[in-house]
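Chain A is already provided as a structure; the job is to place chain B on it using the hints.
Listed in order, the protein sequences are those of chains A and B. The opening position of the first sequence corresponds to residue 1 in the UniProt record's numbering, with each subsequent residue numbered one higher. The opening position of the second sequence corresponds to residue 1 in the UniProt record's numbering, with each subsequent residue numbered one higher.
Hints are supplied without guarantee of correctness; some may be wrong.
Which copy is meant is left open, so a pair is good if it fits within one copy or across any two.
[Said to hold, decoys possible] Here are the computed lysine-lysine pairs in the DSBU-like style, where the Cα-Cα straight-line distance is at most 30 angstroms: (1) Lys205 to Lys108; (2) Lys108 to Lys13; (3) Lys50 to Lys295; (4) Lys167 to Lys73; (5) Lys213 to Lys187; (6) Lys282 to Lys205; (7) Lys21 to Lys108; (8) Lys13 to Lys291; (9) Lys280 to Lys236; (10) Lys282 to Lys295; (11) Lys282 to Lys300; (12) Lys398 to Lys76; (13) Lys236 to Lys108; (14) Lys56 to Lys187; (15) Lys110 to Lys236; (16) Lys213 to Lys13; (17) Lys108 to Lys73; (18) Lys280 to Lys300; (19) Lys187 to Lys206; (20) Lys101 to Lys282; (21) Lys101 to Lys76; (22) Lys206 to Lys50.
No lab work stands behind these hints, which were simulated from the structure alone.
2 protein chains.
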Amino acid sequence: MSEVLEKGRAAKKASFLLNGKTTAEKNEALARVAEQLLIDQEEILAENAKDLELGKQNGLSDSVLDRIMLNEKRIKDMSEAIQQLITLQDPVGETLETIQKDNGLIIKSKRVPIGVIGMIYEARPNVTVDAATLALKTGNAIILRGSSSAQFSNQVLTNSIHRALAKTNLPIEAVQSIENTNRESAKELFHLNDYLDVLIPRGGKKLIDTVVKEASVPVIETGAGNCHLFIDESAKPEMAVTIAINGKTQRPSVCNAIESILIHENWFNQYGEQLVAALKEKEVEIIGDEKVCQKVPFAKQATEEDWYTEYLALIVSIKVVSNVEEAIEHINQYGTRHSEAIITENQGHADQFLTSVDAAAVYHNASTRFTDGFEFGFGAEIGISTQKLHARGPMGLKALTSSKYFIQGDGQIRG
Amino acid sequence: MSEVLEKGRAAKKASFLLNGKTTAEKNEALARVAEQLLIDQEEILAENAKDLELGKQNGLSDSVLDRIMLNEKRIKDMSEAIQQLITLQDPVGETLETIQKDNGLIIKSKRVPIGVIGMIYEARPNVTVDAATLALKTGNAIILRGSSSAQFSNQVLTNSIHRALAKTNLPIEAVQSIENTNRESAKELFHLNDYLDVLIPRGGKKLIDTVVKEASVPVIETGAGNCHLFIDESAKPEMAVTIAINGKTQRPSVCNAIESILIHENWFNQYGEQLVAALKEKEVEIIGDEKVCQKVPFAKQATEEDWYTEYLALIVSIKVVSNVEEAIEHINQYGTRHSEAIITENQGHADQFLTSVDAAAVYHNASTRFTDGFEFGFGAEIGISTQKLHARGPMGLKALTSSKYFIQGDGQIRG
Chain A
1 MSEVLEKGRA AKKASFLLNG KTTAEKNEAL ARVAEQLLID QEEILAENAK DLELGKQNGL
61 SDSVLDRIML NEKRIKDMSE AIQQLITLQD PVGETLETIQ KDNGLIIKSK RVPIGVIGMI
121 YEARPNVTVD AATLALKTGN AIILRGSSSA QFSNQVLTNS IHRALAKTNL PIEAVQSIEN
181 TNRESAKELF HLNDYLDVLI PRGGKKLIDT VVKEASVPVI ETGAGNCHLF IDESAKPEMA
241 VTIAINGKTQ RPSVCNAIES ILIHENWFNQ YGEQLVAALK EKEVEIIGDE KVCQKVPFAK
301 QATEEDWYTE YLALIVSIKV VSNVEEAIEH INQYGTRHSE AIITENQGHA DQFLTSVDAA
361 AVYHNASTRF TDGFEFGFGA EIGISTQKLH ARGPMGLKAL TSSKYFIQGD GQIRG
Chain B
1 MSEVLEKGRA AKKASFLLNG KTTAEKNEAL ARVAEQLLID QEEILAENAK DLELGKQNGL
61 SDSVLDRIML NEKRIKDMSE AIQQLITLQD PVGETLETIQ KDNGLIIKSK RVPIGVIGMI
121 YEARPNVTVD AATLALKTGN AIILRGSSSA QFSNQVLTNS IHRALAKTNL PIEAVQSIEN
181 TNRESAKELF HLNDYLDVLI PRGGKKLIDT VVKEASVPVI ETGAGNCHLF IDESAKPEMA
241 VTIAINGKTQ RPSVCNAIES ILIHENWFNQ YGEQLVAALK EKEVEIIGDE KVCQKVPFAK
301 QATEEDWYTE YLALIVSIKV VSNVEEAIEH INQYGTRHSE AIITENQGHA DQFLTSVDAA
361 AVYHNASTRF TDGFEFGFGA EIGISTQKLH ARGPMGLKAL TSSKYFIQGD GQIRG
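Just chain A, same shape as in the assembly (with noise of 0.2 angstroms):
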């Protein structure tokens, strides 16, 4: 039997036995792994520094060395998340709808476990006890596949988060790591229908495009944010040149970021200098339209492929349009249905927007950046979310549940 299978199988028996566990032995088990992290630490740090020298070897750059790399700091970051998760509610057993029958039946649609969630993931060792701790907080089983550049890291974290749940009441087999980092192995969990109940990729746009195509097994798409921002023509100026500066520069690499601003042409023509100096000013490259490029000397002409590029750097896209119609169509030609936002003061134009543009999230005059599971408020997240089923927008751990029908009755048979 192969690793996956064997896992898989594992990881499906664990699920049944973690279905009955309370919140408090749920809470207790995490209360160990954050222990058993610190306990662990030299360890965790020496096979760390093997993944990191392997990395070097293979020329791997800085930015992808620092996701890999741990240190002290980041060790006790993720042991504190963990005593953070543990404050959190349990959506668990909450009962969603109760509906009571004429015939006497009572039917509740009670939140369950999903089962054996899937993490399919790149570089970042974190994700490991990130996500093996949400499943456990939300009663779940999990299969672990990183990459091979965090191998080792992965392993010894797996191995820490064992030790722990052997303290408690909670199956060690609930959290299963796949060592096997092959393209081999990944291909079998996308085809792992009969245990695994979904698959998560977490990583670049390859690595999701892939799993989306290939897997049979249901996958929650987190998906690539090209978010536009549209300045109406009444918006205030220094709001709308205060959130596209926050949305293109606080922090460029990440999918909730404005990679394309859409201007009324009123608005460009009145105060269109003031933002590009504004973005000039944080060394924002400029790729623009006919009527921006005549405007803005140094802006380069944006072709095609430009409106449907998340750059994830400080590049921003922008295209001058005749009117809120005009920025809705292009939005959902061009979006990725992420975070799309409009600055404008008239109410009905806010509407109309908010209503018609697909994405998980719109924004009415504020930044897109806020599309996130701990801005949210959820305390958590495990993604955000792209698609339209199961969840949409950032996952908190809600998402991570599935529901159930409990029927009671006293012999009621179907007329």
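Below, chain B without anything else, positioned relative to chain A:
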């Protein structure tokens, strides 16, 4: 451009227009469709006759021909079902959650249409009308891909819907029917990720398995039902027998019928004959394990395969078990996560069973036949989901919605 691609694009465009439509506009359109079906009755019956004629020539079975067949009564029923749908509450626009942040941001999660729904189905032309009107009620566009055996019926019904929509504010492109019913058109739908938000297969296990296995678009699996009844030691004999007979024989061809009965050995020794006599009277064939075969001379010996089998006929497999744990383990191994019931007077065993059995609906002292959108009071049913994501169990109108975060600010940026 292929038919599927062209209709996919048109449906996506229509879905954007549907976003802003009011409940009144949608209900008005539904009323026109209900009317039009009656106006077009003669034409519909003429086209349906072509399908029936071809079906006879191709040697389709009487039961399949009956599924394809339309008559005045069935058209009237379809029209009345739409009148009923009009009276149901529109889930779109419902506020699911409101989060007020300290910085003044107001975050609201609201129900919105999914976008474009794909429906792939066999024989029954009534699904064409059913699926199209459920989609319209929830503001979704739909792409229908029926089977060749009902192609004339499906097209004439779609034409009728288009005629009705032409009289309303809703775009006729909201309902698309694929005329090309070969394998290629299905395959194209499986991978229409740019235009399709979800694909729902309705039909036999083979169709569903193919869609789950091949599609890269998100799928809602409406599944098979290998449903069990567990009769515990303390079960009241009359209640257990009544529910067994109802679950097995009231309508054996449906997914929520009972396929397998697990019996505590003490109950079996005391009341087994009573149950067997009742099943025999209803002409139910019994396939049993060794203990059952010893006691029931006409029972056939069960193979491993039998425990996996959804008979959809007057056949039942019976197994004697030692305790509730063995019953739970058997169901979690062989079940299809649809509907599972325990008959017991022991509340502890009931709780254990309901918690530990992994299924969309779990019953204590009631028949599994109640797993149904109409029985649950939803007033409509798109199918019964046996997967864990998005919707589980009977799917009503809410299952055809997604959610979207609407964020209202007054200039907030992230620090």
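Hints versus structure:
no.: 1; hint: Lys205 to Lys108; in the structure: between (40 angstroms within a copy, 28 angstroms between copies)
no.: 2; hint: Lys108 to Lys13; in the structure: within (26 angstroms within a copy, 38 angstroms between copies)
no.: 3; hint: Lys50 to Lys295; in the structure: neither (53 angstroms within a copy, 65 angstroms between copies)
no.: 4; hint: Lys167 to Lys73; in the structure: within (25 angstroms within a copy, 66 angstroms between copies)
no.: 5; hint: Lys213 to Lys187; in the structure: both (11 angstroms within a copy, 13 angstroms between copies)
no.: 6; hint: Lys282 to Lys205; in the structure: within (27 angstroms within a copy, 58 angstroms between copies)
no.: 7; hint: Lys21 to Lys108; in the structure: within (20 angstroms within a copy, 32 angstroms between copies)
no.: 8; hint: Lys13 to Lys291; in the structure: between (62 angstroms within a copy, 28 angstroms between copies)
no.: 9; hint: Lys280 to Lys236; in the structure: within (20 angstroms within a copy, 80 angstroms between copies)
no.: 10; hint: Lys282 to Lys295; in the structure: within (19 angstroms within a copy, 85 angstroms between copies)
no.: 11; hint: Lys282 to Lys300; in the structure: within (17 angstroms within a copy, 80 angstroms between copies)
no.: 12; hint: Lys398 to Lys76; in the structure: within (26 angstroms within a copy, 43 angstroms between copies)
no.: 13; hint: Lys236 to Lys108; in the structure: between (50 angstroms within a copy, 24 angstroms between copies)
no.: 14; hint: Lys56 to Lys187; in the structure: within (28 angstroms within a copy, 44 angstroms between copies)
no.: 15; hint: Lys110 to Lys236; in the structure: between (46 angstroms within a copy, 27 angstroms between copies)
no.: 16; hint: Lys213 to Lys13; in the structure: both (28 angstroms within a copy, 23 angstroms between copies)
no.: 17; hint: Lys108 to Lys73; in the structure: neither (45 angstroms within a copy, 36 angstroms between copies)
no.: 18; hint: Lys280 to Lys300; in the structure: within (13 angstroms within a copy, 82 angstroms between copies)
no.: 19; hint: Lys187 to Lys206; in the structure: both (15 angstroms within a copy, 23 angstroms between copies)
no.: 20; hint: Lys101 to Lys282; in the structure: between (63 angstroms within a copy, 29 angstroms between copies)
no.: 21; hint: Lys101 to Lys76; in the structure: between (52 angstroms within a copy, 28 angstroms between copies)
no.: 22; hint: Lys206 to Lys50; in the structure: within (26 angstroms within a copy, 49 angstroms between copies)
In the structure shown, a violation is registered for the earlier hints numbered 3, 17, in ascending order.
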